[in-house]
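A.B. asks: For the protein sequence lines, the chains are C and R, in the order given. To convert, note that position 245 of the first sequence is 245 in this note's numbering; the numbers rise steadily by one, no gaps. To convert, note that position 219 of the second sequence is 219 in this note's numbering; the numbers rise steadily by one, no gaps.
Since the hints were derived computationally from the structure, they do not count as laboratory data. Where hints are given, some of them may not hold.
[What the hints assert, rightly or not] Taking lysine to aspartate or glutamate pairs in the DMTMM-like style, the calculated list, with each CA pair at most 25 Å apart, reads:
id : chain 1 : residue 1 : chain 2 : residue 2
1  : R       : LYS89     : C       : GLU158
2  : R       : LYS377    : R       : ASP192
3  : R       : LYS33     : C       : ASP369
4  : C       : LYS243    : C       : GLU140
5  : R       : LYS33     : C       : GLU148
6  : C       : LYS383    : R       : ASP344
7  : C       : LYS383    : C       : GLU347
8  : R       : LYS33     : C       : GLU334
9  : R       : LYS33     : C       : GLU140
10 : R       : LYS226    : R       : GLU259
11 : C       : LYS207    : C       : ASP395
12 : R       : LYS89     : C       : GLU148
13 : R       : LYS89     : C       : GLU362
14 : R       : LYS89     : C       : ASP353
15 : R       : LYS89     : C       : ASP369
16 : R       : LYS89     : C       : ASP395
17 : R       : LYS377    : R       : ASP344
18 : C       : LYS286    : R       : ASP87
19 : C       : LYS383    : C       : ASP351
20 : C       : LYS243    : R       : GLU68
21 : R       : LYS89     : C       : ASP373
22 : C       : LYS243    : C       : ASP232
23 : R       : LYS33     : R       : GLU173
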Amino acid sequence: MNRLADHIPRIEALARDQGLDFFPVDFELVPASFMMEVAVYGLPVRMPHWSFGVRWVYQMIQHRMGHSRIFEVVFPGNPNHAYLVDTNSLEENTLVVAHVLGHADFSRNNLTFARSQEQVGYHIVEQAAAHAHRIAEAIERHGAARVERVLDVALALEPHIDSDQPFNRVPYRAHARQPDERPADEFGERYARLPGTAAPELEDADKPLHIPPHPERDLLWFIAQYAPEMADWERDIFLAVRKESWYFQPVFNCQIMNEGWASYWHSRLLREADFLPSQFYVDCMKTHSDVVSPHASDHQVALRINPYHLGYVMWERLIEARGLAEARELMRTEDDFGFIRNYLTPEIAEDLDLFVYSASREGAVRVTDANIDELRETILAPKFNFGAPRVVVEDLAADGSLTLRHQHREDGRGLDAERARYVLEYIDRIWRRPVRLITVDGRGAETSLTTAAA
Amino acid sequence: MMSFTDGDARNGSGRWYELFSRGTRDWLRHNEKVRQAVRDHLPELVAGSDVLSDARDRTVKVPVRFMEHYRFRLRDPDEQQGAGQGDAKPGDVLRPARPVSGSDPAGGEGEGQVSFVLEFQIDDILDWLWEDLQLPNLQPREGSSVEEDAYVREGWDKRGARSRLDRRRTMREAVKRRGAQPDSQVPIGNDDLRFRQLARRRKPTTNAVVFFVLDVSSSMDEHCRKLAKTFFFWALQGIRRQYTSVETVFVAHTVGAWEFDEEQFFQVRGEGGTKSSTGFAKAREILDERYDPAQYNCYLFYATDGHNFSEDRAAATETVRRLLPDMNFAGYAEVSQQAHRHMDTEVAAIWQRLAADDFPVGSYTLTSDSDIWPAIKAFFTDQAERSGVA
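Chain C with its partners taken away, still in its complex shape (with noise of 0.2 Å):
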């Protein structure tokens, strides 16, 4: 009866027999509209605020014109958290099962993936529906109006976290270190050995140290340590909204990798399902170069790239020449930077037909002749600092004012101004005390941008 039961523990079975090396995934058939939400939101269950009810509705539209469809979203964690549509058909749920294993594979192994979830455990979904019980309690207890001004900047810095610093992090240090502070490790002790004069007193060292000590790029994590008049609960919404966003920096990170792989071993299981009917295996097949396949079918051309084809090509193409075994190394030490740089060569590039193009404010738009660096930078580019400017903590005052820098010559150009603005005012709302931003104007000169209503 139920059969795509059935076929679950055999592809799991297979994939196993292939290699795979996953956590147990627990599958779930849902209704499409909860696909959709899930794929707005991000996680099943997430924190309420308004800008979520417009990108659904964006959803919805782009949903009833037939041009999304959404077949599944897997969560990684131990166990994964599958969901699959309960409308789709037998066949196109047995590839997302087969697609599914590659993701979980993929998160498992991949260090990106591996690094994040040791730090923010491998419950996500479960911690985020408490962070949205806990945002509930605070609507009660504060009202809906405090708690969404809350969220509105939080959520508005969400990709301005430093993944590079440890998850939990401790405040900076308040002074310098005097020199007999060296740690007491196996080092420390051989250098206070070494022969030679006392090392100095440090002279100021009972002098507060500059805070930041160095360029802040967590600025969540900055605003909820060191805002001057934040409530505990507002910082509870700060460190929510930080963990959310530590967890889905490595699927942003690794799109292109990770959807190709999934769909390499989703096409490559089903080959390999003696136990699926051909005619079967011929329909899992159509859906499969729905997925993967150009944006643009032949002599057409598309402004933008399927990163699911993209990914499989790429991974089709380096198990063919490189073996599996080397493979699955790459998969786990690259993400989609190392990936791209390393490995589109310009003969894949060719052979998909990818350009450079470059449009004009006048909205013209022309095919422009780049070598294959160039295009490897663009495609990469809107990947950077997990998709926003790099916008840092340069000081905070002793009154309490606080001065971000934007670190312009990383992004090549400076903000938009009004924009910013907004932000500021987001976030001049929570840190109670003033706030400016520096970046450069349309010409290139520093500027110092205050809140709009300042």
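Using the hints, position chain R against chain C.
C.D. replies: The following block gives chain R in isolation, referenced to the frame of chain C:
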């Protein structure tokens, strides 16, 4: 070790997401915020005469955009690079430049651009406007409130008509009694019944009648009538806020005057010249026939482009002066095409003299939609001040 859950396998016990849509919840919250934002710009938005098309439903429709949740973003570059896929070679132009005029620049797409229509209750709008513009309440004339009989609920009795049985109260009595008599077997006895009492009371009511006089001579073009209509509409809504019952009288004139119903009033078009006196005379006639000034608060609004036959000057002055003693207030709206016109017309001169003689009058110039709210505000402020003096 794998687990699989299917909706059918749960014996129809509904899952939470079938009963509750987070998307809908957050979308409604977004709309609430948009309403708030619209409210902040209400005077500009509702002055556009087109919003009045559904006035009979007591709602107006306002086109709005999706709100944007702002994030840090780089400024739009002069040239945006992107990666594409397909049959194209360097130098190919995939899309020509758009004509510069009108359309948004390339970076303009995104969530802020889609618009949808929100419907607002006129009563809500009025409350917001009065709050935002801090408009004073109208002052009824002393002695103009009429005592009328009204039935009000007052207390309870153990006897009464069955239709006025108060079930909640009755249950409460029954519970009380059973508490006091634990052995009682009677769930609800006759002594528990409670009936609502009605009492006849004298209650003051305030009535108002509003005369709208509109010049429909050939010099009043579509633009002028639209302004007049919008001004009349909001002035009337404001008066309606204040009085228990408001009656309206619509008079249009050229060199003669006629009474119309509301719908025809704004459609009607006249030919030829202008004699304001005929409009005032008609208003006087209707007032004498139907309304006792002692029982009504009377308002008059006159809209014209200001051009009146000069030979009508004496008659116009005379008729309006005969009308004014019975009026709480008389507003004059001069509508015109020209942006910077001073009030130097025939009718404006009449009103200036009335003001000089301390009659409760006010004059407003309307040349575009943006003049409507200042005029409405001026009207209500004038009226309040006048009444304060009187």
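A.B. asks: Now look at each hint and say whether the structure bears it out.
C.D. replies: For each hint, the structure was consulted:
no.: 1; hint: R:LYS89 - C:GLU158; verdict: violated (38 Å)
no.: 2; hint: R:LYS377 - R:ASP192; verdict: violated (56 Å)
no.: 3; hint: R:LYS33 - C:ASP369; verdict: violated (47 Å)
no.: 4; hint: C:LYS243 - C:GLU140; verdict: holds (23 Å)
no.: 5; hint: R:LYS33 - C:GLU148; verdict: holds (11 Å)
no.: 6; hint: C:LYS383 - R:ASP344; verdict: violated (66 Å)
no.: 7; hint: C:LYS383 - C:GLU347; verdict: holds (23 Å)
no.: 8; hint: R:LYS33 - C:GLU334; verdict: violated (43 Å)
no.: 9; hint: R:LYS33 - C:GLU140; verdict: holds (19 Å)
no.: 10; hint: R:LYS226 - R:GLU259; verdict: holds (19 Å)
no.: 11; hint: C:LYS207 - C:ASP395; verdict: holds (16 Å)
no.: 12; hint: R:LYS89 - C:GLU148; verdict: violated (49 Å)
no.: 13; hint: R:LYS89 - C:GLU362; verdict: holds (21 Å)
no.: 14; hint: R:LYS89 - C:ASP353; verdict: holds (9 Å)
no.: 15; hint: R:LYS89 - C:ASP369; verdict: holds (8 Å)
no.: 16; hint: R:LYS89 - C:ASP395; verdict: violated (49 Å)
no.: 17; hint: R:LYS377 - R:ASP344; verdict: holds (22 Å)
no.: 18; hint: C:LYS286 - R:ASP87; verdict: holds (23 Å)
no.: 19; hint: C:LYS383 - C:ASP351; verdict: holds (24 Å)
no.: 20; hint: C:LYS243 - R:GLU68; verdict: holds (24 Å)
no.: 21; hint: R:LYS89 - C:ASP373; verdict: holds (17 Å)
no.: 22; hint: C:LYS243 - C:ASP232; verdict: holds (16 Å)
no.: 23; hint: R:LYS33 - R:GLU173; verdict: violated (46 Å)
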